[in-house]
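Visitor: The chain contents come next:
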Amino acid sequence: MFKIVHREEMAGGTVILNEIEAPAIARKAKPGQFVIVKANETGERIPLTMADTNTEKGTITIIYMVVGKSTSLFKTLKVGEGYLDVIGPLGCATHIEKLGKVICVGGGTGIAVLYPITRGLKQAGNEVVSIVGARSKDLLILEEKMRNVSDEFHVCTDDGSYGHKGFVTDVMKQVLSTQKIDLVVGIGPVPMMKFVSKITKEFNVKTLVSLNPIMIDGTGMCGGCRVTVGNETKFACVDGPEFDGHQVDFDELTKRLQAYSEEEKSCWQNYMCQIQDV
Amino acid sequence: MKEQASSKKSDRQPMPEQSAEVRKRNFDEVPLGYSPEAAKAEASRCLQCKKPGCIEGCPVSVDIPAFIKLIAEGEFTKSIRKIWEKNSLPAVCGRVCPQELQCEGQCVVGKKGAPVAIGNLERFVADYERMNGTGEVPPRQKSKGKKVAVVGSGPSGLTVAGDLILKGYEVTIFEAFHRPGGVLVYGIPQFRLPKEIVFSEVAFLEKQGCTLNCNSVVGRTVTIEELFEEGYQAIFIGVGAGLPKFLNVPGENLIGILSANEYLTRANLMKAYRFPEYDTPIPKGKNVVVLGAGNVAMDSARTAMRLGADSVKIVYRRSRDEMPARAAEIHHAEEEGIEFFLLTNPTRFIGNEKGRVVGMECLKMELGEPDSSGRRRPIAVKGSEFQMECDLAVVAVGAGANPLLTKSTDGLALNKWGYIVADPETGKTSKKGVWAGGDIVTGSATVILAMGAGRKAADSIDKYLTWGW
Ligand SMILES: Cc1cc2nc3c(=O)[nH]c(=O)nc-3n(C[C@H](O)[C@H](O)[C@H](O)COP(=O)(O)OP(=O)(O)OC[C@H]3O[C@@H](n4cnc5c(N)ncnc54)[C@H](O)[C@@H]3O)c2cc1C
Ligand SMILES: Cc1cc2nc3c(=O)[nH]c(=O)nc-3n(C[C@H](O)[C@H](O)[C@H](O)COP(=O)(O)OP(=O)(O)OC[C@H]3O[C@@H](n4cnc5c(N)ncnc54)[C@H](O)[C@@H]3O)c2cc1C
Ligand code: SF4
Ligand code: SF4
Ligand code: FES
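So the sequences go chain by chain: A and B.
Quick note: the first sequence uses the numbering used here, first residue 1, plus one each step.
Quick note: the second sequence uses the numbering used here, first residue 1001, plus one each step.
Check the hints yourself; a few may be wrong.
Partial list, computed: chain A residues near chain B (C-beta under 7 Å) [unchecked claim]: (1) Lys198; (2) Met221; (3) Cys267; (4) Gln274.
Please keep in mind that the hints were generated in silico from the structure rather than gathered at the bench.
The beta-carbon is built from N, C-alpha and C at its ideal position, and this holds for glycine as well.
Next comes chain A alone, as it looks inside the complex (with noise of 0.2 Å):
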């Protein structure tokens, strides 16, 4: 078992954290890569990108969101239990490198997977720009780790009870019409990352976004997490899951990832009404 040895709350209880003992996976963990969990026998596999790791203690640290059945029973484990399974390092590390000023943008839990690579892009000596965003103040996650690691720092909410009202891309836009960017990093929900990349495009700023396909093995083996990009087909376990977002067929992504909804839909149901009988 991977037991958790610390849990956290975010976001009013729809985020959660939890920091696993996984030694081999910390020793060997660059910013960028996931992770894929299962918390019991009947299980499903669940990609899951670290947030951070303490290679002196041994952990990993993953957050995320509540969503669906597997998530909800993730959110009931506690201090001292654990994961029966847990697979990784997975995926390529992102490529860090000094390239002078970057905009990092991310939305919702996205924050959690963009949150190492900040770090990484500021230790690596570039000028950081933070943009970050959630539906609302008390959804908002990291804001001071991100702060932290940040020249520039951005907060927009959808419904403006905090920072910026509106969305990532509108603040993004302003930034690169007033600065010379090398690079923007946008990690968030589909439709998000497709906007950032849009928009980067017509700035003509090379953008690097994180893709979250259904997976399965995260090896490379089943071809479940296959995206187009630049027409051709890719595997996101091993070929990403960080693509250059101008290439990417985000429409097709968006409909992959409903192929189950019916099914996660039923098997959501019917394990909340399990819980609440208990």
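Starting from the structure of chain A, add chain B with the ligands where the hints point.
Guide: Using the frame of chain A, we list chain B with the ligands on its own:
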């Protein structure tokens, strides 16, 4: 059940099976196994040849007449020990070897009638031992205090581990998945090879002292170099041919088009056929097409039928003679109502507005001159396009070499398709201290060939650790 005791001594004992109508909707094993009486009767058909063709047909040279004689004498426990001398997974091989091409294909009795049912007999004694045996662990040589790493827990890796444990080495298996067994567990379905059999084989290895590290993706969690640094003196790579091939036709990324690897992994490893008891979903098609005609295709088609499909079609671009699946699987698939569309080649998939597949366009083919594989090359018939309705398509047209491990390892020579180059006699690779065998060397082959490669590698590793490279 349609078991009938054979009247004539010379008739092959039929294998009792679940009837097609019943089994096509359940995941229980299809053949039910011989009774001790049937096994003895079948064993008595063997002529105990002086120059047995059967042994030559078996890639690992099981002493077939000897183990069959022991069955005829009712010495089941001795019989299984005879098989173990050459084959450590007889319960598996008895079920999945293409016997008609191997042992049984060379049996002299088969020249005039049906050959001795060697596979069924092998399966019988292995099952008998599992159910009634003592579970006694074979004697192990004195510990040599040397560590060997085995990467991958398919048949090749399990064989290497089993052999080296007995020779006194400290063996650790590293497996990427959360469960051991390789294709035996994630690929071959429950109705053909119950998973309990594979897990009991692995448990037996652990009982003998073998360490099993699941969730270890070599190349990611740990590299080959790091394994050497951790004190492993020899490393065997048996990672299989885990890269799905697609058709590369338009529309292939529509929802409802899966590689056989994905479809079967969902069904078998993740037990999606028991959804929602198990959390992993699997698409349940009404009109299913399966592209390809090997064992993988038959397994996919029969799985789809068991998941409740109205119609399941095997679509294959060559003709019946070229179908690579085991004869028994093709026969079982036909009995279960799978339709065969031969000399038919898909050219594109058709989707709806939600991005789900609704149909497939195909061309009719005819056979031309033989190609490099010696099989007659299929050629498209002009103007023969037609459409086929489908809401699930499973692509089972072969597998390639997964580059994840090989790319992360320096000094490992690969051939032009990305498979590891290894000496066929010893399994030695171009990298000192590293052996390879099974599908990652030969490309997709068979369980018994992977095991044979494992045995040779184990012998060579033993020599190396005793005498040097
Ligand atoms: C490489 C990678 C890294 C990821 N990192 C994180 C992370 O750090 N934090 C985090 O919260 N999530 C992350 N995800 C997404 C996460 O895997 C899904 O949210 C999770 O699988 C949902 O499982 P569930 O059973 O709770 O919900 P389900 O019942 O499976 O799905 C509920 C809803 O989520 C959608 N969904 C299903 N699978 C995914 C998916 N893979 N990605 C996005 N939406 C999905 C469904 O369409 C449905 O609307 C990552 C995904 C990938 C591929
Ligand atoms: C659906 C299907 C049906 C088949 N039916 C038959 C049949 O009826 N008869 C027959 O003889 N043959 C059959 N075969 C072929 C046979 O199963 C294979 O030839 C055989 O399993 C190959 O054995 P292997 O040891 O080389 O590798 P595999 O069985 O492929 O096992 C390789 C293992 O290595 C693991 N691995 C991969 N990469 C890594 C890594 N980087 N680190 C750690 N572990 C890793 C994999 O997860 C896997 O568990 C079938 C194959 C399939 C797919
Ligand atoms: S291992 Fe396979 S080929 Fe050899 S005797 Fe057994 S069933 Fe026949
Ligand atoms: S060839 Fe057939 S009859 Fe002869 S020993 Fe082998 S199994 Fe028996
Ligand atoms: S998850 Fe299976 S190939 Fe990527």
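Visitor: Min Cβ distance, A:Lys198 to chain B: is it shorter than 7 Å?
Guide: 20 Å, violated
Visitor: Is the hint on A:Met221 kept, meaning its closest Cβ partner in chain B is under 7 Å away?
Guide: 4 Å, holds
Visitor: Answer holds if the nearest beta-carbon of chain B is closer than 7 Å to that of A:Gln274; otherwise answer violated.
Guide: Status violated, d = 10 Å.
Visitor: Would you settle whether the hint for A:Cys267 is holds or violated, based on the nearest Cβ-Cβ distance to chain B being less than 7 Å?
Guide: This hint holds: A:Cys267 lies near chain B, its Cβ roughly 5 Å from the closest one there, short of 7 Å.
In summary, the numbered hints that this structure violates are 1, 4.
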